Amino acid sequence: MAQLQLNQLEKTYGSGFKAVHGIDLDVQDGEFMVLVGPSGCAKSTTLRMIAGLEDVSGGEIRIGDRVVNDLVPGKRGIAMVFQNYALYPHMKVRSNLAFGLRLQRQSKEQIRAATDEVARILEIEPLLDRLPKQLSGGQAQRVALGRALIKKPEVFLFDEPLSNLDAKLRASMRVRITELHRRLKAEGMSSTVVYVTHDQTEAMTMGDRICVMKEGRIMQVAAPKELYNRPANLFVAGFIGSPEMNLIGGRIENGAFRTEGQSVPLMEPLLRRLKSRPEAAVLGIRPQHLKLVAPESEGLDARLNSVEFMGHEVYLHADLDGAPVTVVATAAEYEALGRATGPIRIAPEAEWIHVFDRDSGENISLA
Amino acid sequence: MSQIDNIEDTFAVAAAARSDAEITRRRQRRAQAVSAAIRYAVLGAVGLVMLYPLIWLVGASFKTNGEIFANPGFLPKEPTLSGYVEGWQTSTPYTFGRFFWNSFLIILPKTIGTAISCTLVAYGFARFDFPFKKILFGSVIAILLLPNVVTRIPQYILFRDLGWLDSFLPLWVPSALAGDAFFVFMLVQFLRAIPTDMEEAARVDGANSWQTLLFIVVPMLAPALISVCLFQFMWTMNDFLGPLIYISSVDKYPVSLALKLSIDTTEAFEWNRILAMSVLTITPALVVFFMAQKYFIEGISAGGVKG
Numbered sequence: 001m002a003q004l005q006l007n008q009l010e011k012t013y014g015s016g017f018k019a020v021h022g023i024d025l026d027v028q029d030g031e032f033m034v035l036v037g038p039s040g041c042a043k044s045t046t047l048r049m050i051a052g053l054e055d056v057s058g059g060e061i062r063i064g065d066r067v068v069n070d071l072v073p074g075k076r077g078i079a080m081v082f083q084n085y086a087l088y089p090h091m092k093v094r095s096n097l098a099f100g101l102r103l104q105r106q107s108k109e110q111i112r113a114a115t116d117e118v119a120r121i122l123e124i125e126p127l128l129d130r131l132p133k134q135l136s137g138g139q140a141q142r143v144a145l146g147r148a149l150i151k152k153p154e155v156f157l158f159d160e161p162l163s164n165l166d167a168k169l170r171a172s173m174r175v176r177i178t179e180l181h182r183r184l185k186a187e188g189m190s191s192t193v194v195y196v197t198h199d200q201t202e203a204m205t206m207g208d209r210i211c212v213m214k215e216g217r218i219m220q221v222a223a224p225k226e227l228y229n230r231p232a233n234l235f236v237a238g239f240i241g242s243p244e245m246n247l248i249g250g251r252i253e254n255g256a257f258r259t260e261g262q263s264v265p266l267m268e269p270l271l272r273r274l275k276s277r278p279e280a281a282v283l284g285i286r287p288q289h290l291k292l293v294a295p296e297s298e299g300l301d302a303r304l305n306s307v308e309f310m311g312h313e314v315y316l317h318a319d320l321d322g323a324p325v326t327v328v329a330t331a332a333e334y335e336a337l338g339r340a341t342g343p344i345r346i347a348p349e350a351e352w353i354h355v356f357d358r359d360s361g362e363n364i365s366l367a
Numbered sequence: 001m002s003q004i005d006n007i008e009d010t011f012a013v014a015a016a017a018r019s020d021a022e023i024t025r026r027r028q029r030r031a032q033a034v035s036a037a038i039r040y041a042v043l044g045a046v047g048l049v050m051l052y053p054l055i056w057l058v059g060a061s062f063k064t065n066g067e068i069f070a071n072p073g074f075l076p077k078e079p080t081l082s083g084y085v086e087g088w089q090t091s092t093p094y095t096f097g098r099f100f101w102n103s104f105l106i107i108l109p110k111t112i113g114t115a116i117s118c119t120l121v122a123y124g125f126a127r128f129d130f131p132f133k134k135i136l137f138g139s140v141i142a143i144l145l146l147p148n149v150v151t152r153i154p155q156y157i158l159f160r161d162l163g164w165l166d167s168f169l170p171l172w173v174p175s176a177l178a179g180d181a182f183f184v185f186m187l188v189q190f191l192r193a194i195p196t197d198m199e200e201a202a203r204v205d206g207a208n209s210w211q212t213l214l215f216i217v218v219p220m221l222a223p224a225l226i227s228v229c230l231f232q233f234m235w236t237m238n239d240f241l242g243p244l245i246y247i248s249s250v251d252k253y254p255v256s257l258a259l260k261l262s263i264d265t266t267e268a269f270e271w272n273r274i275l276a277m278s279v280l281t282i283t284p285a286l287v288v289f290f291m292a293q294k295y296f297i298e299g300i301s302a303g304g305v306k307g
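Each protein sequence line maps, in turn, to chains A and B. Counting in UniProt numbering, the first sequence runs from 1 upward without gaps. Counting in UniProt numbering, the second sequence runs from 1 upward without gaps.
Heads up, some of the hints might be wrong.
Unchecked claim - Straight-line C-alpha distance at most 27 Å; calculated DSSO-like pairs for lysine-lysine: (1) A:K92 - A:K108; (2) B:K133 - A:K18; (3) B:K294 - A:K133; (4) A:K92 - B:K294; (5) A:K275 - A:K214; (6) A:K18 - B:K294.
Worth flagging that the hints you see were computed from the coordinates, not collected in a lab. Predicted model, so just to flag it, every value in this text is computed and none were measured.
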């Protein structure tokens, strides 16, 4: 069983800079866990500590039932795919795949069988006798994947493996990796994955669960849908989802959320759920849950500044009492509006309103 | 009528413009050809000036002793191999082959030792953290800046006390223990330019530091290592002072000393023999250089990493 556990994991550099602040994370056997966050959030450092490429300053890392803190990378039962592929430039693809097995002193027949098997799964058989410099980016990435796969590790570690590929290839590799994971799981092979990325699309589409990090701390760990619908704090709310969630500052008064000039009535279930009544609050609503409404109906007045036409939908960028807001409208709704600037009236869908404490950042409207 | 004239005029103007363009193009092409010719002429002349002593050396080694000073050209009037035949015999009981063999006995352990020891030291400096690393690397650089002459006397006393005088040991042992700071520095700089990703991948694949060095780092370091060996080979082949200080018996002379020997022992110098042996002496260095030239330039690290 290849469960991965991080307990109070810390990383402090020689200069005294603390990169990772005691994080706890449980990755279940066979789970696809994505670490996501903006650059500098220590997601890669965390992954490299799991791999054994960085020393651990505090806490422990468990793989299965072993504490692996002091084991060299080769003894941890992990395999890693690097952002730059890191193929050995002087070895042919076949030797690149076989390198780890050769170091384990496996027999020639075993190595050959394993290499052929992996090459078949990843469809890189025609490339086996090429050198890395003769491969395209996507091919090189597949070979790098193969080099991890062939070792049958307990835990796979991915360090932004798709960020050097162009958008189209990235999308297809995303699907390929997800399928591969599902297949390994179905065949009962060890398939625990920790996948680092800064791309929220990758995180949302690939992860069983997502761990959002910021400045060496975990902000929220949850399944993609949960993360999207029930962000635990302002950071997650702003980070996950595209276009970004609208965050409007104000306060709560008499059962309504008030901005400087206007107010949004808060419905009863939401009001009852509120954990506290902070002085300063932030209302969060996704652009998809803001509706264009007729000028005379209840809602908020905003000023439309610009429009982005995306095909099946239109992003309306507006200004609400000084705060920028985005509304996603259907093409038809936009047609009905008939202009690209000027005053508009918008109404949030009550059940999708989040209320955050501005100072702590916490989502106080979660059930 | 005037309209027709106009049309004809227009055609004439267009044709003139076309031929103008044609002329300009032809002129440009001619200017390019002329400039290329001048460029190659100048380059060829400078190259010839640089190479002439070497060409003259090769030519003169086939001349008779009398002709060397009589004929300034490099083509011998009566080509003869006598310089080679007699020069090879030398005025000592040994042939020149013996001296080549002595050179080889110094160069081989020195070059191999340099490559191995400098790689180890450079790998250590470039990839590991250890106590006093900065001070130690600083002292490597300091040694690099130190004139060789300064250490000659202490070294001589040291090797005398070790009983190594009149042997090849003082000539190659220091270098085989990474004594040449220049090569260490060169390899450290080369290693710093290679991304560490491949080495990390090897560690994840289960390689220890030695296996990483041997299977991953050394192959990527190959172009630099070839340069190191090439330099060490040529410098050792040309080294005169070292053997002069430490070697006293003629049977242990390397070629650099042996060449001097033929100048010392005869009253009237047999210049054609000296020149013939000089040609033989530079031949190995030239052959090795042209064989290794390709690797000298080729960078093997390209292609493994995309950034």
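Taking the hints in turn, this is what the structure says about them:
With a C-alpha separation of about 16 Å, the suggested pairing of K92 (chain A) with K108 (chain A) holds against the 27 Å cut-off. Proposed proximity of K133 (chain B) and K18 (chain A) is supported: the alpha carbons are some 24 Å apart, at most 27 Å. The straight-line distance between the Cα atoms of K294 (chain B) and K133 (chain A) is roughly 18 Å, inside the 27 Å bound, and the hint therefore holds. Taking the CA atoms of K92 (chain A) and K294 (chain B), the gap is about 21 Å. The hint holds against a cut of 27 Å.
Taken as a hint, the K275 (chain A) and K214 (chain A) pair is honoured in the structure, with Cα atoms around 24 Å apart against an allowance of 27 Å. Between K18 (chain A) and K294 (chain B) the CA atoms are separated by roughly 48 Å; this puts the pair beyond 27 Å, and the hint is violated.
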